Amino acid sequence: MRSHIKVFNVDSGSSYQRNITSWVTGNNTQGGKAAADALATAMNYTKDCTAAKKCDVAIGVSSLTTSTDAARVAAFKAEVTAKYPNITMLNDVVSQSQPSVAQSAFAQDISAHNLAGIFAVDGTDAEGATAAVKAAGSAGASIKIVGYDGYANNIASMVAGGLGSLSAIISQQPTLEGMLIIKYAVAALQGKKVPHLQTLPNITLLPSTPASVLAKYQYVAS
Amino acid sequence: MSTSVDVSGSEVTTDRRLRRVVTNQQFVLFVVLIALILFFASRNSLFFRVGEFSNLFTDFSGLVLIALAETYVIVAGGIDLAVGSTAAVSGVVAAGWIQPLVNHGVNQAVVLLVGTLACAFIGALAGGLSALLITAFDLVPFVATLVTYSVGAGLALVISHGAPVGYNPGAIYWSASGIGMITWLVAIVLVLAVVLGVVLHLTVYGRYNFAIGSNEFAARAAGIAVRRHLISVYVLAGVLAGLTGMFFYIRSGSGAATTGVTNSANLVAIAAVVIGGASLTGGVGRWAGTMLGAAVLTVVSDGLIFINVPPTWIQVVVGALIAVAALLQSFRRRSRRVT
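Chains as they are written, first to last, in our numbering: chain W, 1 to 222; chain G, 1 to 339.
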């Protein structure tokens, strides 16, 4: 910053972003809340989760320190606490961005609890969750999974349906985020004022979402 | 019980035997393993279910191959930091190669066999690179395998573009099939692990490994082809790491560049070997020790999640466990000097 090089950021960031010229990211608070609502709907909360028979939900994160993960999980937990008191949230499991680690951890949660749902905070955790439920067989038959980020494999899993498929995916708008940050970079370099922080709403993708819409939000490998 | 000049010779022997058993690292680890299982079961009785033991065996199998790879290397006086990234790059390369077979509906057994051979091949290349740097360019194993680690981790990202490679739900279903608590996937790994134990302790190749690790100069003077042997050890470690990459592909149904890298699987494998009683200076190590070390690490990691311990504490507990194992080794060394 002292060398006057402008820095532009997309997606995750640190809590100390004062010197960043512009930061475009998904609205993780809104996304976390949307995930809680989608999971409660998939679990048929009003009918199947009662004060006498609470529903256990597992939460998988890639990292405890990544801003996006932390914000999504905090919002998810706040929404569940406020709106779904008959859901019991287990402690987070940490995958370190590895589907296989997430899978092992979720397998433990499935084995130890009468799990009704899983919130996977990103694409790799969602992959691990679907694999764990598939491998659990009949023990995982009633477990609903809500993931985050439109990884191709996860969208394919959601569309395919069946054991271990995702009930919903909360998706950022990666294409729009990329376009906006380029636009802001050009504007800033021309000396124009750009927003320091812009958050974009997340979209809830469902198995019933048209293929053309799913394609729009699917992550493309760079 | 203590020894003294007044007791008969046979009593002294019994005392020493008992002391030897009690301070034996494998014995202590076995007791610790049983105690851990009982502890977790006391906190949640579901821990004793067949399904949970199946989970434990599966996670153990994901660690044990690279831990045994590391055992061979450490006993030979080296170290291999590349096993984790070798698993990653093998997994993503194989996933890319076999995805067309998956898409064309080729029999799953054929798909997985081709993938396994591909992973072993990529692993052998990675191990060969480490061996080349060590034997031809005289790099120390730490640096040489760090180079291979970086190359492997980088290539895995380049090839995968940071995204999962392939999608094969059939592999996931197969990974969960088997008899009782032992899946076919675990059975294959356990058979391979037993073969590795037999080779390490009951063959000339294994004895050469211990001899080189104990004293490379003396081993060379005794006529052992040290350079050739070390090449074979690092290639073997690479192949085992590659097979671990295939193991994780089969479990998850896709290859991921992060597999074995972001969780520092290389260090976890080294920890299993050290907990098992091997010496990082070479020449000392036991197959049973590594198996028990990997089992203890698996039970602790999984058990803490099972009883719903916050994730922040899990690493602390694993670190404490390694410290206790190291202290135990130190105690044993002192105890031997005293007796």
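Just so you know, the hints here were simulated from the structure itself, not pulled from any lab data. It cannot be assumed that every hint is accurate.
Among the chain G residues that face chain W by a calculated CB cut under 10 angstroms, a handful are [what the hints assert, rightly or not]:
{"no.": "1", "residue": "T58"}
{"no.": "2", "residue": "Y167"}
{"no.": "3", "residue": "I188"}
{"no.": "4", "residue": "S252"}
Keep in mind the model is a prediction, meaning the values are calculated, not measured. Think of the CB as a built atom: it goes at the ideal place given N, C-alpha and C, for glycine as much as any other residue.
Legend entry - Agreement of hint I188(G) with chain W interface, Cβ distance less than 10 angstroms: 16 angstroms, violated
Inset, instruction - Would you check whether S252(G) satisfies its interface hint, that is, whether its CB is within less than 10 angstroms of any CB in chain W? - result: Because about 4 angstroms separates S252(G) from the closest Cβ in chain W, which is inside the 10 angstroms limit, the hint holds.
Inset, instruction - Double-check T58(G) for me: the hint is only fine if its C-beta lies closer than 10 angstroms to a C-beta in chain W. - result: Check passed: Cβ of T58(G) comes within 8 angstroms of chain W, closer than 10 angstroms.
Legend entry - Hint status (Cβ of Y167(G) to nearest Cβ of chain W, threshold 10 angstroms): 5 angstroms, holds
Violation of the numbered hints given earlier is confined to hint 3; every other hint is satisfied by the structure.
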